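Protein chains: 2
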Amino acid sequence: MTIAYPRRQRQLESLVRKLGLPEVTQIKWQLLDLALTHPTVSESANYEQLEFVGDAVVRLVAANVLWDNYPDCSVGDFAAIRSVLVSDRVLAQLAQEYGLELYLLISSSAGADKAGQESRLADAFEAVLGALYLSTHNLELIRPWLDPHFKQLAAEIRLDPARLNYKAALQEWTQAHFKVLPEYRVVESSQVPHNQERFIAEVWLHDQKLGQGKGRSIKAAEQAAAKVAFFALNSQEKP
Amino acid sequence: MTIAYPRRQRQLESLVRKLGLPEVTQIKWQLLDLALTHPTVSESANYEQLEFVGDAVVRLVAANVLWDNYPDCSVGDFAAIRSVLVSDRVLAQLAQEYGLELYLLISSSAGADKAGQESRLADAFEAVLGALYLSTHNLELIRPWLDPHFKQLAAEIRLDPARLNYKAALQEWTQAHFKVLPEYRVVESSQVPHNQERFIAEVWLHDQKLGQGKGRSIKAAEQAAAKVAFFALNSQEKP
Chain A
65 MTIAYPRRQR QLESLVRKLG LPEVTQIKWQ LLDLALTHPT VSESANYEQL
115 EFVGDAVVRL VAANVLWDNY PDCSVGDFAA IRSVLVSDRV LAQLAQEYGL
165 ELYLLISSSA GADKAGQESR LADAFEAVLG ALYLSTHNLE LIRPWLDPHF
215 KQLAAEIRLD PARLNYKAAL QEWTQAHFKV LPEYRVVESS QVPHNQERFI
265 AEVWLHDQKL GQGKGRSIKA AEQAAAKVAF FALNSQEKP
Chain B
65 MTIAYPRRQR QLESLVRKLG LPEVTQIKWQ LLDLALTHPT VSESANYEQL
115 EFVGDAVVRL VAANVLWDNY PDCSVGDFAA IRSVLVSDRV LAQLAQEYGL
165 ELYLLISSSA GADKAGQESR LADAFEAVLG ALYLSTHNLE LIRPWLDPHF
215 KQLAAEIRLD PARLNYKAAL QEWTQAHFKV LPEYRVVESS QVPHNQERFI
265 AEVWLHDQKL GQGKGRSIKA AEQAAAKVAF FALNSQEKP
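Protein chains in written order, with the working numbering: chain A, 65 to 303; chain B, 65 to 303.
So that you can see chain A by itself, here it is in the shape it has in the complex (with noise of 0.2 Å):
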């Protein structure tokens, strides 16, 4: 069934052909266009609850993917891969390279906003996920067109491991593992700007210490921290 707006129906449709959907009788039109709809246009009606769902599809596929093409490799290594390819930054690139910002019915404000840019596509590119799960409760209008970009995605990751967001990589191990979360403890061992070693961070699990870090930034002590973790981790599992 088509939607009562005839200009935003043949939207969607050209939408739909640029992810060379062959079965667009299947499409819910109304799901696809409540997950291009921003909350600035609508409170109850938006592409938020759409989002949630796209959340687990996107993981769901990533991790199909690399069991499909990675058969010998690590599940430390699957979660540090997938961290990447469900990020905002890859997501928004995906949604970038289907043009899914024309789509976007959004407030004029919001959408000037451009530091709020690469998470507002992310999230519409999730929420369009869920929209095409939920019109037929599988994968079908999705593996088609996303494997791929995900497959090409993960073997440039192996290759260029730099990539890694090492916080992240160890987040999504340790929930992996042991579903709980690495704990960072920060010091600040000197207070001169720049310097390298003014910050100090710990990465804890349980009452474990899993590796610690030094940099001029928090962020960057502890991206530091869980990079050690990170590795002290997955050596242990390949003994």
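If you are wondering where the hints come from, they were derived from the structure by calculation, not from laboratory data.
Here the structure is a predicted model, which is why all the values come from computation and not from measurement.
Wrong hints could be hidden among the right ones.
One copy or two, it doesn't matter: identical chains are merged, so the pair holds either way.
To be verified - Taking lysine to aspartate or glutamate pairs in the DMTMM-like style, the calculated list, with each CA pair at most 20 Å apart, reads:
(1) Lys283 / Glu247
(2) Lys82 / Glu165
(3) Lys92 / Glu77
(4) Lys243 / Asp152
(5) Lys283 / Glu266
(6) Lys243 / Glu182
(7) Lys283 / Glu252
(8) Lys215 / Asp136
(9) Lys291 / Glu261
(10) Lys283 / Asp271
(11) Lys273 / Glu247
(12) Lys92 / Asp132
(13) Lys291 / Glu266
(14) Lys243 / Asp177
(15) Lys243 / Asp271
Could you slot chain B onto chain A? The hints should help.
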């Protein structure tokens, strides 16, 4: 295709009957066998990767159940309820209802570790979901028996919000909304043991303080702070 050990095959068929699945011909028995093999039995061929896939499956099923049954719920409530549905405690209970422990291949020393039983059962349960999903690449073998459990649990949780773990709920919420985790800062205000105000925890998101709480342990203080923050965020959301 069945597996090479007739006794194990019969075991797995018995589990599948308990799940009430009619379409057993679709099941990839090798995957189900792997899902019920603990890392202490095989370092390389165990349930870890399937658990990684299954973790995404269970989150999607939970999201779908909430979408189907609570169209008027806020995303904050979705996140809070799902954090309970996918918790080790709930997944281990479901595993026990189906007697999963009977089918789990595990070293006798690891099997005797009662403290680890809950997370072990939850892990194996997720791995079974991973195996069933990868058997068909959709949720046909899962939703018919898992949806009713989640539907009933979600209804119970809504009636009794005290079941919510507010730290987990807040984490789900901030992840869903902002893709970041809340940070806790704890100070010890008194060294008297059992003092209800011994620890004071603050919870922060980006540079904003969301709430504060007190407790006799760090955990209790953090839970109290998370509860304040969770309600503050959710009341903002529904003006």
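Hints, verified against the model:
1. In the homo-oligomer, the alpha carbons of Lys283 and Glu247 lie at most 20 Å apart both inside one protomer (13 Å) and across protomers (13 Å), since each shortest distance falls under that limit.
2. In this assembly of identical chains, Lys82 and Glu165 lie within 20 Å of each other by CA distance solely inside one copy; the values are 13 Å within and 48 Å between copies.
3. Within a single copy, Lys92 and Glu77 get their C-alpha atoms as close as 11 Å, which meets the 20 Å cut-off; across copies the closest is 37 Å, which misses it.
4. When the C-alpha separation of Lys243 and Asp152 is checked against a cutoff of 20 Å, the pair qualifies only between copies, where the shortest distance is 8 Å, while the shortest distance within a copy is 22 Å.
5. With identical chains, the CA atoms of Lys283 and Glu266 are at most 20 Å apart both within one copy (12 Å) and between copies (19 Å).
6. For a Cα distance limit of 20 Å, the shortest separation of Lys243 from Glu182 across copies, 12 Å, qualifies, whereas the shortest one inside one copy, 28 Å, does not.
7. For the identical chains of this complex, Lys283 and Glu252 are intra-copy neighbours only, at 12 Å inside a copy versus 24 Å across copies, given an alpha-carbon limit of 20 Å.
8. For the identical chains of this complex, Lys215 and Asp136 are intra-copy neighbours only, at 15 Å inside a copy versus 36 Å across copies, given an alpha-carbon limit of 20 Å.
9. Taking identical chains as interchangeable, the C-alpha atoms of Lys291 and Glu261 lie at most 20 Å apart only when both belong to the same chain, with a minimum of 16 Å there against 36 Å between chains.
10. For the homomeric pair Lys283 and Asp271, the shortest alpha-carbon distance between copies (13 Å) is at most 20 Å, but the shortest distance inside one copy (22 Å) is not.
11. Taking the shortest alpha-carbon separations for Lys273 and Glu247, both the intra-copy value of 9 Å and the inter-copy value of 18 Å come in at or below 20 Å.
12. For the identical chains of this complex, Lys92 and Asp132 are inter-copy neighbours only, at 15 Å across copies versus 29 Å inside a copy, given an alpha-carbon limit of 20 Å.
13. Taking CA atoms no more than 20 Å apart as the test, Lys291 paired with Glu266 passes inside one copy only; the shortest distance there is 11 Å, against 27 Å between copies.
14. For the homomeric pair Lys243 and Asp177, the shortest alpha-carbon distance between copies (18 Å) is at most 20 Å, but the shortest distance inside one copy (36 Å) is not.
15. In the homo-oligomer, the alpha carbons of Lys243 and Asp271 lie at most 20 Å apart inside one protomer (15 Å), although the nearest pairing across protomers, at 26 Å, exceeds that limit.
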